[in-house]
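The lines below spell out each chain.
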Amino acid sequence: MDPLILAALLGWGTLVGLDLVSVAQSMIARPLVAGAVTGLLVGDPSAGLRVGALLELFALDVLPIGAARYPDYGPATVAATVVAAGSPWELSLGLAGTVGLLVSVVGGWSLQQLRRWNADAVQRHSAALAAGESAAIRRLQYGGIVRDAIRSALLTGAGLVAAWAAGRWLILDRATATALTLVLIGAALAAALGGALRSAGRSRRRRWLAAGLVLGFALATL
Amino acid sequence: MNGKAHALLRLFAVQGVWNYERMLGVGIGYAAEPLLEDLKVADPVRHSEAVVRSAEFFNCNPNLAGLALGATVRAEYDAEPGPQVVRLRAALCSPLGALGDQLFWAGLLPALVGAALAAVVLGASGWGIVGFLVAYNVVRGWTAVWSLRTGLKAGMGVGKAIGTSWIPKAVPVVGYAAGLSVGFALPLLAKWYLRPFGLVSGIAVALIVAAGIAAGKLFGARMTGSRFALAAVLVTLLFRLVAR
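In order, the protein sequences belong to chains P and X.
Going by the working numbering, the first sequence opens with residue 1, and the numbers climb by one from there.
Going by the working numbering, the second sequence opens with residue 1001, and the numbers climb by one from there.
Treat each hint with caution, since some may be false.
As the list claims (entries may be wrong) - Pairwise CB distance ranges (calculated): (1) X/Asp1038 - P/Arg198: 45 to 51 Å; (2) P/Pro88 - X/Tyr1020: 44 to 50 Å; (3) X/Phe1057 - P/Gly11: 33 to 39 Å; (4) X/Arg1149 - P/Arg206: 56 to 62 Å; (5) P/Val146 - X/Glu1021: 27 to 33 Å; (6) P/Arg116 - X/Glu1056: 49 to 55 Å; (7) P/Val146 - X/Ser1125: 23 to 29 Å; (8) P/Ala149 - X/Trp1146: 28 to 34 Å; (9) X/Arg1222 - P/Arg116: 18 to 24 Å; (10) X/Ala1206 - P/Pro88: 20 to 26 Å; (11) X/Ala1079 - P/Ser126: 22 to 28 Å; (12) P/Ala218 - X/Trp1146: 34 to 40 Å; (13) X/His1006 - P/Ala128: 17 to 23 Å; (14) X/Gly1141 - P/Trp109: 27 to 33 Å.
Claimed, not checked - Reference listing, derived: stretches of chain X covered by chain P, where coverage requires no fewer than 3 residues with Cβ under 8 Å from a Cβ of chain P: (15) 1068-1080; (16) 1180-1188.
Since the hints were made in silico from the structure, they are not lab data.
Cβ coordinates follow ideal geometry from the N, Cα and C atoms, glycine included.
Could you build all of it, start to finish, from the sequences and the hints given here?
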């Protein structure tokens, strides 16, 4: 891969990793956005959209509430799109999605570690915080952001290595590749629908969900 | 009071040092710093105490953190007793967390994501995604401005200000929009992905969807969508290996 593209992917993965929690939360970390931009970077926008939409369905199942542990789909989508780029999506989506899910799980674990490191840093500065030193607050804040940037860059790098390894060594026959694609499409739809049903509970929102499904189904069958 | 613009910008990094000890606390302290600058000249002792309080434990949805920031800073300028400011901060955690999570994570975000997914499938591709980013960030940015202004104006009365604001009314509406939007997008996505495959493949995918939802019901929160997917991938690979 061209070193410039590789650098751009690392930069983009770092940005989306930071966007998830630490800075901005402008939603560029959403798989649909991360995948679309990665697709443009690697010259296969269609692969970016297919992979991004697939992982977005999994992300819809997640509520990033408080101390909950959740996967980091942004850098994972960057890696998954690299796996799918340049191949027919019907054959590559399953493997790409699997790599993406695995990287997102590692990303979730890395977020937990980051929060522990941040807590350690807060403890180290506890005397300065108790004395009301504004400089200590600033140091902690910038340190936390730098740690998350390093985490995001490492996660993206690891994801790109996994993507390269999958492309080189995991050569699947046509039937297996297709089966994986279908399995992940089904699992993604189940995740999004299950998440929507849970969010709706037994409230009136469930009726709106049902109305949406009927409308979508009607348009899909036209 | 000076520093509102700086505080607003810093609110966009309020989770920069999110941790299990003080959660959003240090981020709120960081955002409060420019707002408390005037107090440094007027009352240096009070300023020092206010800085300590501003970085103590706090947690809520980051999009509504401006309400707590504004209210506590106003209370500091109004020379409210320190323990009362601490109590106000603690009392705001749960309502701002619950309202913000319902409004943004369970409402606005899935509503706009569903619309973006449907737009992509219906041919808008990149424009659907740009529309999603613009719409979300306009609402989110406006909410941040409103939150900080409302908090700074209301001070200790911020609870009442939240209760009579647009937020409690908007929560169910965005919830309905989220249900409708995600529901609308799913059949379109299913068709988009399954079009090149045959009817048998479609039936197989429908069975996987049913199995995924059943597994979620059976195992609860432990069976996340990604865990089910990885388990299904593993079973598929084993099956293909045996079938060879």
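Results of checking the hints against the structure:
| no. | hint | in the structure |
| --- | --- | --- |
| 1 | X/Asp1038 - P/Arg198: 45 to 51 Å | holds (47 Å) |
| 2 | P/Pro88 - X/Tyr1020: 44 to 50 Å | holds (45 Å) |
| 3 | X/Phe1057 - P/Gly11: 33 to 39 Å | holds (35 Å) |
| 4 | X/Arg1149 - P/Arg206: 56 to 62 Å | violated (36 Å) |
| 5 | P/Val146 - X/Glu1021: 27 to 33 Å | violated (19 Å) |
| 6 | P/Arg116 - X/Glu1056: 49 to 55 Å | violated (20 Å) |
| 7 | P/Val146 - X/Ser1125: 23 to 29 Å | violated (35 Å) |
| 8 | P/Ala149 - X/Trp1146: 28 to 34 Å | holds (30 Å) |
| 9 | X/Arg1222 - P/Arg116: 18 to 24 Å | holds (22 Å) |
| 10 | X/Ala1206 - P/Pro88: 20 to 26 Å | holds (23 Å) |
| 11 | X/Ala1079 - P/Ser126: 22 to 28 Å | holds (27 Å) |
| 12 | P/Ala218 - X/Trp1146: 34 to 40 Å | holds (38 Å) |
| 13 | X/His1006 - P/Ala128: 17 to 23 Å | holds (21 Å) |
| 14 | X/Gly1141 - P/Trp109: 27 to 33 Å | holds (32 Å) |
| 15 | 1068-1080 | violated (count 0) |
| 16 | 1180-1188 | holds (count 9) |
When held up to the earlier numbered hints, the structure conflicts with 4, 5, 6, 7, 15 and fits the remainder.
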